[in-house]
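Enquirer: Sequence:
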Amino acid sequence: MVQRKEYLDILLSWKDDKVIKVVTGIRRCGKSTLLGQFQTLLIKNGVDSSQIISINFEELEYEELLDYKNLYAYIKERISPERKTYVFLDEIQRVDFYEKVVDSLYVKDDIDIYITGSNSYMLSGDLATLLTGRYVEIKMLPLSFREFCEITGKDSDEVLSEYMKVGGLPYAAVMDRKAEKLNIYFEGHYNTVIVKDIEERQSREEKDPARRKVTDIALLKNIAKFLASAAGSTVSVRSVTDYLISNGRKVSPNTVDDYMEALCESFIFYEAERFNIAGKELLKSNRKMYIVDLGLRNHILPKKTYDLGFGIENIVYFELLRRGYQVNIGKLGDAEVDFVARKNDEIIYYQVTTDMTAEETFEREMKPLKLIKDNYEKMILTLDRFTLGNYEGIKVVNVVEWLLKK
Numbered sequence: 000m001v002q003r004k005e006y007l008d009i010l011l012s013w014k015d016d017k018v019i020k021v022v023t024g025i026r027r028c029g030k031s032t033l034l035g036q037f038q039t040l041l042i043k044n045g046v047d048s049s050q051i052i053s054i055n056f057e058e059l060e061y062e063e064l065l066d067y068k069n070l071y072a073y074i075k076e077r078i079s080p081e082r083k084t085y086v087f088l089d090e091i092q093r094v095d096f097y098e099k100v101v102d103s104l105y106v107k108d109d110i111d112i113y114i115t116g117s118n119s120y121m122l123s124g125d126l127a128t129l130l131t132g133r134y135v136e137i138k139m140l141p142l143s144f145r146e147f148c149e150i151t152g153k154d155s156d157e158v159l160s161e162y163m164k165v166g167g168l169p170y171a172a173v174m175d176r177k178a179e180k181l182n183i184y185f186e187g188h189y190n191t192v193i194v195k196d197i198e199e200r201q202s203r204e205e206k207d208p209a210r211r212k213v214t215d216i217a218l219l220k221n222i223a224k225f226l227a228s229a230a231g232s233t234v235s236v237r238s239v240t241d242y243l244i245s246n247g248r249k250v251s252p253n254t255v256d257d258y259m260e261a262l263c264e265s266f267i268f269y270e271a272e273r274f275n276i277a278g279k280e281l282l283k284s285n286r287k288m289y290i291v292d293l294g295l296r297n298h299i300l301p302k303k304t305y306d307l308g309f310g311i312e313n314i315v316y317f318e319l320l321r322r323g324y325q326v327n328i329g330k331l332g333d334a335e336v337d338f339v340a341r342k343n344d345e346i347i348y349y350q351v352t353t354d355m356t357a358e359e360t361f362e363r364e365m366k367p368l369k370l371i372k373d374n375y376e377k378m379i380l381t382l383d384r385f386t387l388g389n390y391e392g393i394k395v396v397n398v399v400e401w402l403l404k405k
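The letter at position 382 of the sequence shown is residue 381 when you use numbering that gives the first Met the number 0, and the numbering goes up by one with no holes.
Hints in this document: simulated from the structure, not taken from any laboratory. It is possible that some hints are incorrect.
Stated by the list, open to error - DSS-like, lysine-lysine: derived pairs with alpha carbons at most 25 Å apart:
1) Lys405 x Lys342
2) Lys394 x Lys138
3) Lys195 x Lys153
4) Lys138 x Lys75
5) Lys153 x Lys372
6) Lys83 x Lys107
7) Lys283 x Lys342
8) Lys195 x Lys279
9) Lys17 x Lys43
10) Lys249 x Lys279
11) Lys68 x Lys4
12) Lys180 x Lys138
13) Lys180 x Lys195
14) Lys394 x Lys404
15) Lys107 x Lys75
16) Lys14 x Lys342
17) Lys177 x Lys138
Unchecked claim - Simulated restraints on C-beta separations:
18) Asp354 x Gly132: 25 to 35 Å
19) Gly132 x Asp108: 16 to 26 Å
20) Asp95 x Asp241: 46 to 56 Å
21) Glu272 x Val250: 20 to 30 Å
22) Thr128 x Asn182: 39 to 49 Å
23) Asp306 x Asn182: 14 to 24 Å
24) Ala334 x Glu270: 16 to 26 Å
25) Val173 x Gly323: 38 to 48 Å
26) Glu270 x Thr128: 37 to 47 Å
Note that the structure is predicted; figures quoted are calculated from it, not measured. Note that the Cβ used here is the ideal one computed from N, Cα and C, for glycine as well.
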């Protein structure tokens with residue numbers, strides 16, 4: 000198993016606190032393994048196995064517990080008297096009305112609750128209303144570049160191209176990575192996310208008439224392919240709609256909006272809104288979309304669409320999310336800054352480029368940062384090692400070294 004130490008540390012930091020721990024993320028990013036590893040850690044630290052109730056709703060033996068009343072009765076019978084009980088509910092979104100179970104357990108003394116889900120809609124609607132202020136979300140992502148290096152045991156420069164090819168899903172890091180096997184693995188994973196998660200979304204929508212159904216899987220995959228090809232470029236519902244219509248597919252902007260939302264809810268794509276640097280406010284028009292795993296992108300798209308610059312930019316975006324930043328696209332007049340990373344009162348501006356050695360490229364990447372008049376940190380991340388240094392307060396840093404920092 001791949002141990003996700005940073006996420007284990009987060010769970011440990013919340014252990015026994017009176018909040019529900021909700022771990023979210025795309026399927027196969029390691030949520031189930033994380034819960035298993037955390038349970039092992041609890042036992043090593045003196046918790047008896049009888050104090051742990053663990054249910055994975057993907058497993059057939061728990062099918063009867065997909066009924067929320069049966070689930071509650073099952074857990075209630077196994078609560079450890081006079082001792083803390085740790086309850087782990089994996090892929091809980093498969094249980095209709097699961098929020099009633101979670102809320103009932105929450106109000107009991109000496110119960111520590113951990114749940115996982117592969118759709119962000121699990122934290123909307125009834126659960127959000129019922130449990131406002133009672134839960135903390137732990138957003139799990141595939142392996143970082145640093146984790147990938149540690150697992151493969153290879154030199155960081157050597158492994159970067161491999162990481163960009165196969166991505167960071169934990170199993171992809173340890174499997175026999177022959178092209179045929181990788182293709183089968185990603186095809187299965189992609190179809191599971193697209194079909195299974197949308198299927199679960201449908202059952203949720205039946206109880207929420209305000210949510211429109213996503214029924215056309217072929218259309219969903221076409222939109223995913225377009226977003227994967229346009230990742231790192233500004234997109235809008237209208238631009239996606241126009242693309243589909245130009246390719247002979249009649250579709251309304253409302254439908255496209257629903258399908259794009261479904262792809263984001265399943266954690267395949269993440270949105271980065273634009274941020275007005277001068278006015279320090281978000282701009283609602285257009286945004287960029289980044290794909291959670293480059294291995295998935297390489298599976299979805301023909302190989303000729305490979306783009307080194309985009310790959311590095313995508314990796315940096317998710318690394319900033321891992322480090323706890325809110326990430327936006329910077330806008331300053333006609334100039335654009337790749338990323339504005341914000342956390343509490345801290346702001347860092349980032350440009351990302353593969354090579355700064357050409358004078359034209361150097362000036363182009365420097366220009367937007369020089370236009371920013373505040374005193375927050377400004378940094379350019381690049382693959383080259385010839386232009387590193389500090390230029391009037393703008394740091395040029397090697398991206399590989401930056402990615403390896405804890």
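Enquirer: A separate judgement is required for each hint: does it hold in the structure or not?
Expert: For each hint, the structure was consulted:
1. The suggested pairing of Lys405 with Lys342 holds, with an alpha-carbon distance near 16 Å, which does not exceed 25 Å.
2. Using a Cα cut-off of 25 Å, the hinted pair Lys394 and Lys138 is violated, with the two alpha carbons roughly 29 Å apart.
3. This hinted pair does not check out: Lys195 and Lys153 have alpha carbons roughly 35 Å apart, beyond 25 Å.
4. A distance of roughly 28 Å separates the Cα atoms of Lys138 and Lys75; the hinted pair therefore is violated under the 25 Å criterion.
5. With a CA separation close to 42 Å, the supplied pair Lys153 and Lys372 exceeds the 25 Å bound.
6. A distance of roughly 11 Å separates the Cα atoms of Lys83 and Lys107; the hinted pair therefore holds under the 25 Å criterion.
7. With a CA separation close to 20 Å, the supplied pair Lys283 and Lys342 stays within the 25 Å bound.
8. As the CA atoms of Lys195 and Lys279 are separated by approximately 40 Å, the hinted pair breaks the 25 Å bound.
9. Taken as a hint, the Lys17 and Lys43 pair is honoured in the structure, with Cα atoms around 22 Å apart against an allowance of 25 Å.
10. Restraint check: the Cα-Cα separation between Lys249 and Lys279 comes to about 39 Å, which exceeds 25 Å; the hinted pair is violated.
11. Our distance criterion of 25 Å between C-alpha atoms is broken by Lys68 and Lys4, whose separation comes to about 35 Å.
12. As the CA atoms of Lys180 and Lys138 are separated by approximately 29 Å, the hinted pair breaks the 25 Å bound.
13. Among the hinted pairs, Lys180 with Lys195 is consistent with the structure: their alpha-carbon atoms are about 22 Å apart, no more than 25 Å.
14. For the proposed pair Lys394 and Lys404, the alpha carbon gap of about 16 Å is at most 25 Å, so the pair holds.
15. With a C-alpha separation of about 10 Å, the suggested pair Lys107 and Lys75 falls inside the 25 Å cut-off, and the hint holds.
16. At roughly 24 Å between alpha-carbon atoms, Lys14 and Lys342 fall within 25 Å of each other, so this suggested pair holds.
17. Proximity of Lys177 to Lys138 is assessed by CA-CA distance (about 30 Å); at most 25 Å being required, the pair is judged violated.
18. Distance hint check for Asp354 and Gly132: the Cβ-Cβ separation is about 48 Å, which falls outside the suggested range of 25 to 35 Å.
19. Take Gly132 and Asp108: their Cβ atoms lie about 18 Å apart, and the range 16 to 26 Å holds.
20. Judged by the Cβ atoms, the range 46 to 56 Å given for Asp95 and Asp241 is violated: they are separated by roughly 38 Å.
21. The hint said 20 to 30 Å for the Cβ distance between Glu272 and Val250, and at roughly 24 Å that hint holds.
22. Remark: the range hint 39 to 49 Å for Thr128 to Asn182 is upheld by a beta-carbon distance near 43 Å.
23. For Asp306 and Asn182, the hinted distance range of 14 to 24 Å is satisfied, since their beta carbons lie about 20 Å from each other.
24. At roughly 21 Å, the beta carbons of Ala334 and Glu270 sit within the given window of 16 to 26 Å.
25. Between Val173 and Gly323 the Cβ separation comes to about 27 Å, which falls outside the hinted range of 38 to 48 Å.
26. Between Glu270 and Thr128, the C-beta spacing of about 23 Å breaks the proposed range 37 to 47 Å.
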